[in-house]
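Enquirer: Got chain V sorted already, so can you dock chain R onto it with the hints?
One-letter residues, chain by chain:
Number of protein chains: 2
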Amino acid sequence: MAELLKGKPVADALTEKCREKAAELKEKGIVPTLAIIRCGEDPSDLSYERGAMKRCESVGVEVRNVVMPRDVEPEEFYATVKKVSDDPGIHGILMFRPLPKQLDAITARELMNPDKDVDGCTQGSMTGVYTNTKQGFAPCTAQAVIEIFDYYGIELSGKNAVLIGRSLVVGKPLAMLMLNRNATVTICHTRTKDLPEITKKAEIVVTAIGVPEKFGAEYFSEGQIAADVGISWNETKQKLTGDIFFEEAEPVVSKITPVPGGVGSVTTAVLVSHVIEAAQRLNGF
Amino acid sequence: MAELLKGKPVADALTEKCREKAAELKEKGIVPTLAIIRCGEDPSDLSYERGAMKRCESVGVEVRNVVMPRDVEPEEFYATVKKVSDDPGIHGILMFRPLPKQLDAITARELMNPDKDVDGCTQGSMTGVYTNTKQGFAPCTAQAVIEIFDYYGIELSGKNAVLIGRSLVVGKPLAMLMLNRNATVTICHTRTKDLPEITKKAEIVVTAIGVPEKFGAEYFSEGQIAADVGISWNETKQKLTGDIFFEEAEPVVSKITPVPGGVGSVTTAVLVSHVIEAAQRLNGF
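The listed protein sequences derive, respectively, from chains V and R.
Heads up, the first sequence is in the working numbering, so the first residue is 3 and it goes up one at a time.
Heads up, the second sequence is in the working numbering, so the first residue is 3 and it goes up one at a time.
Source of the hints: derived by calculation from the structure; they are not laboratory data.
Treat the hints with care, as some may be off.
One copy or two, either will do: identical chains are not told apart, so a pair holds if it fits within one copy or between any two.
Stated by the list, open to error - Computed list of lysine to aspartate or glutamate pairs in EDC-like fashion (alpha-carbon distance at most 20 Å, straight line):
id: 1; residue 1: Lys84; residue 2: Glu250
id: 2; residue 1: Lys136; residue 2: Glu112
id: 3; residue 1: Lys30; residue 2: Glu279
Chain V extracted, bound-state conformation (with noise of 0.2 Å):
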């Protein structure tokens, strides 16, 4: 049986964090809010903005929900993110992704300021989390795995990792996450060659492909800890399923996230502690 690094014990503990931070940011008059730009009514969208939103409400962040149509004209988007950026009362900045296909998504990232980049899409949060310095945010996502270790006592340095996946979302500022906690870092992806045999000789295996239950048995082996970032609708076995097989993997490793309940239920607590804590930088503290 492997212990389970369930996700929700990691979000309270920050969740809690954040709740005195905010406490003190208020004693200074200052209310940290986040402003959540969205475009249309896509059911993912709406879910995790209402995570997002009772995250916020239960720790003191104040939210602004920025709303406009899905065919909204660029001139009109475009002027909507400065202004939300510029606006001094506004610390982090939330903007859906995928946008639609008349905006552009560099145009759009790049008139934010990366100080108010809490879910890092930016140029200034990239270049901070590839270059290990303190500008931007990493992407939320990314930072909860970080965060699942961290709560466990997994120590990430000298430790072997593979990663699966490398969009910029995951993949990519994750691995430079780890390799800034001093892992050996492995980036794998849909052109590697004998997976499993390099699955299996890792300490540490993280997935973020997306794809139901991909990884099954024969890509792990005894005393590993396994990290799903991967959470998708099944379809064969009509419910939400990570990357790891894990009625498979489970009773191989030593440690694994479930899905759901693992680096999913992490991603909000994360979003609200980069509010807090652009809140505190914008702010000089």
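Expert: Using the frame of chain V, we list chain R on its own:
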């Protein structure tokens, strides 16, 4: 006997291509021009500068030498960098680093237009390499390794590549460049455990740490391709050597870059190719 992956033919081929492109630009009234910003008279800066100037001359790229004393006032330095960056007659900028202590490296680099950042040190260039988009340029030394692989027909896609070193000048950008070419990349460093076990299993090993003859026979296995980015003064042998103990590794591997005469000898050719590309991009070709 391993095949020697010499840098000279790679540099020559790249230079020849650059010569043609420079001629095309000149027909359009554009003289591709590189500005070299240097503080003081560091011998290794001067040596690299001479090499770069010679290479530029052979291609038809003009060079403007911008030399300031080592104790230059920060205001004067920053103003000079900005002036050089704003000069429409300059297409590429090479700024020798590390800068003197009184100067802030980040301030200085960000004064450069990323479109002219031919040695890939600005945030714009780093993001370009990290996100695999045509923005700015990769650091010349990292790109030189890729040029060698390309010239000798060494396919990276699907290969297991191990990189030792994680600097921003070579290790990290090269990891990204190799990942962009679909290699499975493992990034190793001082905290990596059982390094020989890791390197021996790779198909490609790239060393970039700057410790003379650190990696002997025990790090290599038959059939491997080894590229040595390190070049440092070997006190014992009173000569320049790479990170790889060449005499030990060469009989084991199938292909290897010599030091000197390997990666280092391609760097200025890459620099010149970046100046040409910058001149093309800045003029909309």
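Enquirer: Next, verify each hint and record whether it holds.
Expert: How the hints compare with the structure:
1. Lys84 to Glu250: Answer is neither: 48 Å inside a copy and 59 Å across each miss the 20 Å cutoff.
2. Lys136 to Glu112: Answer is both: 18 Å inside a copy and 16 Å across each meet the 20 Å cutoff.
3. Lys30 to Glu279: Answer is within: at 15 Å inside a copy they meet the 20 Å cutoff, but 52 Å across does not.
Of the numbered hints listed earlier, the single one contradicted by the structure is hint 1.
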